[in-house]
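Q: Residue-level listing of the chains:
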Amino acid sequence: MNMKSLTANIRGIATLPLLLTVAAIILLFLLPKFVTSTYALHIMILIFISVIMGSAWNILGGYTGQYSVGHAAYFGVGAYTTMILLQYRHIAPWYGVWAGVAVAVATGLVIGSICFRLRGPYFVLASIAVAEIFRVSALNLPGLTNGAEGILITEVPPFKIGNAVITDFMSKVPFYYIGLVIAIAVILATRLVQNSKLGYYFQAIREDQDAAHSLGINLTLYKNAALAISAIFTSLAGSLYGLYVGFIDPGTVLDLGLSVQIVMTCIIGGIGTVLGPMVGAVVLVPFSEALRSNMIAQALIDSGLVKEDSPIGTFLKEQLSHAHVLIYGILLVVVILFMPDGILGFIKKLLASKRKETA
Amino acid sequence: MAAQRCGQEAHLALPGLEKVTQFEGAGSKDHVPGQLTSLLLAPCSYFLYYMIVFFQSLISGILIGGVYALIGIGLTIIFGVMRVINFAHGDILMIGMYMTYFLFTVFHIDPFVSIVITIPLMFLFGAFLQKVFINRALNALPQNQILLTIGMGLVMSNTVMLAFTSDYKILTTTYSSSSVEILGISVSEPLVVSFAITVAITAALYWFLYKTDMGQAIRATAQDREAAQLMGINVKRMSIIAFGIGSALAGTAGALISPTYYIFPQVGSVFTLKAFVITVLGGMGSIVGATLGGVLIGVAESVGGVYIGSGWKDVIVFILFLLVLLFKPSGLLGTSKD
Numbered sequence: 001m002n003m004k005s006l007t008a009n010i011r012g013i014a015t016l017p018l019l020l021t022v023a024a025i026i027l028l029f030l031l032p033k034f035v036t037s038t039y040a041l042h043i044m045i046l047i048f049i050s051v052i053m054g055s056a057w058n059i060l061g062g063y064t065g066q067y068s069v070g071h072a073a074y075f076g077v078g079a080y081t082t083m084i085l086l087q088y089r090h091i092a093p094w095y096g097v098w099a100g101v102a103v104a105v106a107t108g109l110v111i112g113s114i115c116f117r118l119r120g121p122y123f124v125l126a127s128i129a130v131a132e133i134f135r136v137s138a139l140n141l142p143g144l145t146n147g148a149e150g151i152l153i154t155e156v157p158p159f160k161i162g163n164a165v166i167t168d169f170m171s172k173v174p175f176y177y178i179g180l181v182i183a184i185a186v187i188l189a190t191r192l193v194q195n196s197k198l199g200y201y202f203q204a205i206r207e208d209q210d211a212a213h214s215l216g217i218n219l220t221l222y223k224n225a226a227l228a229i230s231a232i233f234t235s236l237a238g239s240l241y242g243l244y245v246g247f248i249d250p251g252t253v254l255d256l257g258l259s260v261q262i263v264m265t266c267i268i269g270g271i272g273t274v275l276g277p278m279v280g281a282v283v284l285v286p287f288s289e290a291l292r293s294n295m296i297a298q299a300l301i302d303s304g305l306v307k308e309d310s311p312i313g314t315f316l317k318e319q320l321s322h323a324h325v326l327i328y329g330i331l332l333v334v335v336i337l338f339m340p341d342g343i344l345g346f347i348k349k350l351l352a353s354k355r356k357e358t359a
Numbered sequence: 001m002a003a004q005r006c007g008q009e010a011h012l013a014l015p016g017l018e019k020v021t022q023f024e025g026a027g028s029k030d031h032v033p034g035q036l037t038s039l040l041l042a043p044c045s046y047f048l049y050y051m052i053v054f055f056q057s058l059i060s061g062i063l064i065g066g067v068y069a070l071i072g073i074g075l076t077i078i079f080g081v082m083r084v085i086n087f088a089h090g091d092i093l094m095i096g097m098y099m100t101y102f103l104f105t106v107f108h109i110d111p112f113v114s115i116v117i118t119i120p121l122m123f124l125f126g127a128f129l130q131k132v133f134i135n136r137a138l139n140a141l142p143q144n145q146i147l148l149t150i151g152m153g154l155v156m157s158n159t160v161m162l163a164f165t166s167d168y169k170i171l172t173t174t175y176s177s178s179s180v181e182i183l184g185i186s187v188s189e190p191l192v193v194s195f196a197i198t199v200a201i202t203a204a205l206y207w208f209l210y211k212t213d214m215g216q217a218i219r220a221t222a223q224d225r226e227a228a229q230l231m232g233i234n235v236k237r238m239s240i241i242a243f244g245i246g247s248a249l250a251g252t253a254g255a256l257i258s259p260t261y262y263i264f265p266q267v268g269s270v271f272t273l274k275a276f277v278i279t280v281l282g283g284m285g286s287i288v289g290a291t292l293g294g295v296l297i298g299v300a301e302s303v304g305g306v307y308i309g310s311g312w313k314d315v316i317v318f319i320l321f322l323l324v325l326l327f328k329p330s331g332l333l334g335t336s337k338d
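So the protein lines, in turn, are chains A and B. Letter 109 of the first sequence, counting from 1, is numbered 109 in this note's numbering, and no numbers are missing. Letter 278 of the second sequence, counting from 1, is numbered 278 in this note's numbering, and no numbers are missing.
Bound conformation, chain A alone (with noise of 0.2 Å):
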């Protein structure tokens, strides 16, 4: 991408989105200044990595079409990769999740030569047989990745520039900045993608690849490279996330569950589209907290519709907080027989059929 095409798109963007976005951006640096509540910032922090996932995973499926459903094995690589370093050879994490980068788009070369080869739902078999791999392999090998016990770092070591000391992560402040920028970066990559003669290529491929093929688009070179760029992110999220909670496992980073998370992400929010996965994030990660930490329950409780000493009141307190997986899959099953198209095709849609009314 050349200069010319960047200022191309910038002024491609109607100006009024434009203002709205850097107002969006100045504000969300700006937030925790004014913000102090650390549960606040631990939600915002979730919706980066969540947003930083599902854009990813968005370049990938969304924009090439190749439906991966185990994006957990880049997110597991880099989060390993980068926790090994930093708890056994003691690499400062700014260096080791570079280390996880390059083992991820390594990776995910590899995996990509081997299954790009396939198309529609046995391409995503594969995807998944892969990841499963990964997670019963990180399981196998406890001399690498300490197997189930999964790995606990000790301590962050401080960030320094020179003898400076920029921060030392003991406050959730860096992890929400680092989690900003790279959610801007992603963000800013996919926009990039969308408008430029890669991704052109890659939707040409998504609409379809032997049409695409036939016009001299090389097929496994570009999948690669959208899978590349997507392998990237992916493992920068897995990477954030290890260090922001500071112990991963095969369970919680290599797990299909997460797969189908990310992916579900981008679903709800509008598949190959900027602002789907970001959607899908903001929908998705408060909602998932709220009734893991059993705010929803409290609340019923708490505006009277149900009395907490009430057989019911005791279920929903017990057991809600066990319900987020369960609504996640409610909410697949809604979204995909009644909003294929997720939330923001969904409100299209509804804006469209307005229109066409007061027409």
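The hints are simulated quantities; they were obtained by calculation from the structure and are not laboratory data. The beta-carbon is built from N, C-alpha and C at its ideal position, and this holds for glycine as well. Keep in mind that the hints are not guaranteed to be accurate.
[Claimed, not checked] Facing chain A, according to a computed beta carbon distance under 10 Å, are these residues of chain B, among others:
hint, residue
1, 137
2, 140
3, 143
4, 153
5, 161
6, 165
7, 263
8, 276
9, 312
Assemble chain B onto chain A, guided by the hints.
A: Quick look at chain B alone, frame taken from chain A:
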């Protein structure tokens, strides 16, 4: 025949093996002749010992493969008729397991007897799923269909978790850990019984699909939906029946393995993946292929588990799966339709 002979010889040889270790440990000079014979016997008995281990893993692989075949046939019928890859297959199996568990603990019905209740109930459950959910997504993108069934599976496993907690449940029958000897090789008794039932059900299914009108109609729908419709086949009804049969088979498989497996809400995902491997191995939509694939996977798992390590057996299965996908994507017996 070979299995039988080796089994008998193995039994003669085993005491020899004990002797070898005994003498090595004691190191007494009084038993020089004995030591000599046992030294001569040693390579032979080690060989036979390995043969026993091999055949034991082979036979239990075939036996568990029977159950896998049931799971695979269910998935392949659903795929054949609707072209929908059912990611909730393992979760349907899990529901069959829980059903069997409660029939056993509450009503004291033996798990192998309870399949007469499980089969019709699971058939109705599957028909319901097809009518309410899958039917609406028949024309959606295949990827979206996959996500739909993933969502359905999540709902099933998490509903069960909410209702019965995620604790592991164990269905202990009097014969859960007992074994029988077949041709001198001891195998788990519930596995043998379940294999016998599997064979009976598979035979009945083949008869249904190949000899009855409805079975023909289902296979016709699988072959070409439009053509079948033009021939006056009610393809919607066939789809419902096919999903019902698929679910009933998964539920039955769940019932059959419940005496030997832990029962917990997330158990399904393992079987979903296995079911794919089996159907892809045999060729998507091929019933004979799924039968063969099931047995093959059972054997690969069991033999691989013994020789490479039980932790790695899933990896072996997945690598086998990738290899088949790459080099013979139509499956071992399948003919590519797409």
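Q: A closest beta-carbon separation below 10 Å is what the hint needs, so does residue 263 of chain B meet it against chain A?
A: violated, 18 Å
Q: Does the CB of residue 143 of chain B sit less than 10 Å away from some CB of chain A?
A: holds, 4 Å
Q: At a threshold of 10 Å, is the proposed contact between residue 140 of chain B and chain A supported by beta-carbon distances?
A: holds, 6 Å
Q: So, as I understand it, the hint says residue 137 of chain B touches chain A; can you test that by seeing if any CB pair is closer than 10 Å?
A: holds, 6 Å
Q: Holds or violated: residue 153 of chain B as interface residue toward chain A, Cβ cutoff 10 Å?
A: holds, 7 Å
Q: Min Cβ distance, residue 161 of chain B to chain A: is it shorter than 10 Å?
A: holds, 6 Å
Q: With a cut-off of 10 Å, does the beta carbon of residue 165 of chain B approach a beta carbon of chain A closely enough for the hint to hold?
A: holds, 9 Å
Q: Against chain A, with CB atoms and a cut of 10 Å, does the hint on residue 276 of chain B hold up?
A: holds, 5 Å
Q: Does the nearest C-beta of chain A fall within a distance shorter than 10 Å of the C-beta of residue 312 of chain B?
A: holds, 6 Å
Going through the hint list in order, the structure does not satisfy hint 7, though it satisfies all others.
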